[in-house]
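*Asks:* Fit chain L to the known structure of chain H by using the hints.
Residue numbers (the working numbering), protein chains in the order written: chain H, 1 to 457; chain L, 1 to 457.
Simulated from the structure, these hints should not be mistaken for laboratory data.
C-beta: ideal position from N, C-alpha, C; glycine also.
The reader is advised that the hints may include incorrect statements.
Here are the simulated lysine-lysine pairs, DSS-like style, with alpha carbons at most 27 angstroms apart [to be verified]:
hint	chain 1	residue 1	chain 2	residue 2
1	L	K388	L	K254
2	L	K37	L	K156
3	L	K406	H	K311
4	L	K311	H	K406
5	H	K311	L	K317
6	H	K317	L	K311
7	H	K267	L	K346
8	L	K311	H	K156
9	H	K354	H	K340
10	L	K317	L	K354
11	L	K317	H	K267
12	L	K354	H	K282
13	L	K45	L	K437
14	H	K340	L	K311
15	L	K167	L	K156
16	H	K267	L	K354
17	L	K346	H	K346
From the structure, some residues in chain L lie toward chain H, with a derived Cβ separation under 10 angstroms [as the list claims (entries may be wrong)]:
hint	residue
18	V215
19	Y220
20	L264
21	P286
22	F287
23	G309
24	S323
Number of protein chains: 2
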Amino acid sequence: MYDKLFTDQEKQLEQQFFEFLHFPSISADPAFRPELKACAVWLEKYLQESGFSVVMWNKDDAPVLFAENCTAGPDQPTLLIYNHYDVQPVDPIDLWESDPFAATRKGNQIVARGAQDNKGQCFYVISSLRALYKQFGKFPVNIKLIIEGEEESGSKSLPAILEEKKKALKADYVLVVDVGMHNPTTPAITLGTRGIICFTVDVTSSNHDLHSGAVGGIVYNPLHALTEILASLRDPNGRITVPGFYDQVVAPSKDELKNISLDLDSKEFEAEFGCLPTGGEKGLSPFERGWLRPTLEINGISGGYSGPGFKTVIPAKAVAKISCRLVPDQDPHVIGEHVKRFIESKEAPGFTVKCLVHEGSGKPVRTSPNSKLVQALAAAAEGVYKNKSAYIYEGGSIPIVTELAKAAGGEVCFFGLGLPSDKIHAPNENFGWDRIKNGFVIMCETLHALANASRKF
Amino acid sequence: MYDKLFTDQEKQLEQQFFEFLHFPSISADPAFRPELKACAVWLEKYLQESGFSVVMWNKDDAPVLFAENCTAGPDQPTLLIYNHYDVQPVDPIDLWESDPFAATRKGNQIVARGAQDNKGQCFYVISSLRALYKQFGKFPVNIKLIIEGEEESGSKSLPAILEEKKKALKADYVLVVDVGMHNPTTPAITLGTRGIICFTVDVTSSNHDLHSGAVGGIVYNPLHALTEILASLRDPNGRITVPGFYDQVVAPSKDELKNISLDLDSKEFEAEFGCLPTGGEKGLSPFERGWLRPTLEINGISGGYSGPGFKTVIPAKAVAKISCRLVPDQDPHVIGEHVKRFIESKEAPGFTVKCLVHEGSGKPVRTSPNSKLVQALAAAAEGVYKNKSAYIYEGGSIPIVTELAKAAGGEVCFFGLGLPSDKIHAPNENFGWDRIKNGFVIMCETLHALANASRKF
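Extracted from the complex, chain H is given alone in its bound form (with noise of 0.2 angstroms):
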């Protein structure tokens, strides 16, 4: 039935898709402020016709829209999507085989930048819920859209509006869709993702660079003492040797490893990525390690010489940069409290130790399998691909989220039908039409099933 609803109006659609993919609204850039604000004027009205009355917060910057249409009643949840209509820049332009601002369609794909991320994963959700609206006049749940201007920038403006706004964005359940499917023929859902807190170590021997010469054997190497102190953060086994670091970690519960995919395909990652996937904790899967166990990785080491050929310096200081990935129920500042600690505990005479625990945060996020939202995209998911949806997680952090889940008080869960091969962030972005007709009818029925399962019998 959706499918039809869909296709009745397929050449609108495109032209539609066509006009949001137009404007360059690339946040990062402030001389994009003008396209930006219009891209924002365009999704208000095209949401104003849909039946939303929308607000944007934040207009003077980059506008952040907020829709809400709770006709539904109170017998009905309210489910809350989030969604950005900003893009990534398109350097280097001299890469794209067509204008990143002029959409083209080849066959099934649409090439423009936005085409996938997040332009085109809004579409399907703004598509659908217009199209809802103009069948039947309302909508099966209460609904309220958040669709930023900022997330490829950092989200610099929503985090300080959240407090706020948390009466208007009250909400039972919180759907992101800016995720991706399994594979090309799986779709999957989301079901959280990892927190994250970050370090910045220095190690800080002599008042001067020396030479390793006159003093190699004589002062403490700061590069050593960094090595050292990298080195023990972790066991022979990947286990993190941080005293306290995995007294909050809670087991996942069977209903989540019955349902999680774990299947990853050592060769295909390889190929992919030119190595094999051998970090982390021994004698766990990847994705487990990946997904459901937490990490301590350095993100980069400075210290002394690195240009060509040689220099035979012994630095007065070595930096190294740490970050660590969360699960449930870490709490960022705990963890950064162990760890500062314990680096720190490594300084010894001859060097001082210093770890700076950085601001920006974001707590672990974790949805129930059993969330009626995940089992009515699931099924949505599954009828329409005709192939069980898989139960994954994001590795990273979406701090945003937190925030967002936080004030809305909601569940969470993320949702999304992107691919490696859409290019994000990248030339030549792109997406299938049949990803938005699916995505399209996925989200019809995905409302309609929610609302059946929280009908009161």
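*Replies:* Just chain L now, with coordinates in the frame of chain H:
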């Protein structure tokens, strides 16, 4: 007696020294080539007037002056003295309190670029020879001088010439006058330098930089692999774990240990460097570690992000620069192979390890404290300073000296009157006129004593 020889002509000597300092003979900057050559011509004339036949090698670029007076005859030994007339650049120029190439005298101190390194030390050599020649018409021993013009930019041209000039360079002793005193009241004979061999270590995992959220815990982060490899190169006692690393090390002889000045004041060291001397092997004194033991020092690490704030990257590659300082009889090529083999043996599934052994290694140099030249120098310096000469070593490496000694076929030793307060390579470089005088007298006495010690009875 030689004291009077100096004071009788003190005014002329100061004028000659200021002339020598006047040339901006900066070898690193090709723009100063004419001044470098002018300085060589000045020296050529000075030496010709001092009883030497002089030739210029590498005349078209940075001339090497070779001067010779072998009239002492075949019964006397031949002494080859090494100095250099080129100087370091003067940046940062605004920190100089006077024009670096218009020498000024403030009481005892002469301020100019090159005042110590190496024009000052060169000047007491050549002026003492000139005075001896003017006084006696000959020298107590056969003298050869090599004064190069590229020391501060890596002695690029000299190594290529040495083999060809082997016959001219032939000498029983090679005296390098480019080092320092033990402290302001204690002269020193430097009995050796450490050798050197350098490496670049590349650890590579994926074919492009990855996201520490998406694959953290899945791929083996090359920064982790690198820190683990580097930390494994030394044991908890600071001993280098590379198999075979210490096999060729010869323990210092009783004579060497008897004469050596190993007294390092930890408090003074801390005041100067801002850290305690806690590096290297446990259970040995700082100077033993810095002079008589080999080292393996990390000179640089790079990989991932090191700017402000944070970037949660897992880099595709991490790189370290390493150098080893070597002591007799360690062969740089043998150690190079040992270190390379051990580091590359750490490769494991998930990452590759490549260790490049750099060219430009240098062998360690060691002279017996029983050498006649050492004893003549020590006695002369003791006579002037009324304080026993310290026997010390240079922890650094002077690869050109190894090459020169090999070509000359003689015993090497290092002498000089430098002090840390001379600010060589820095703004306001300076040298004490008292040390010009002391160096002058020490040179005269040394040649006399060496002749006496070598006379066949």
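*Asks:* Return the numbers of the hints above that this structure violates; sort them in rising order.
*Replies:* none
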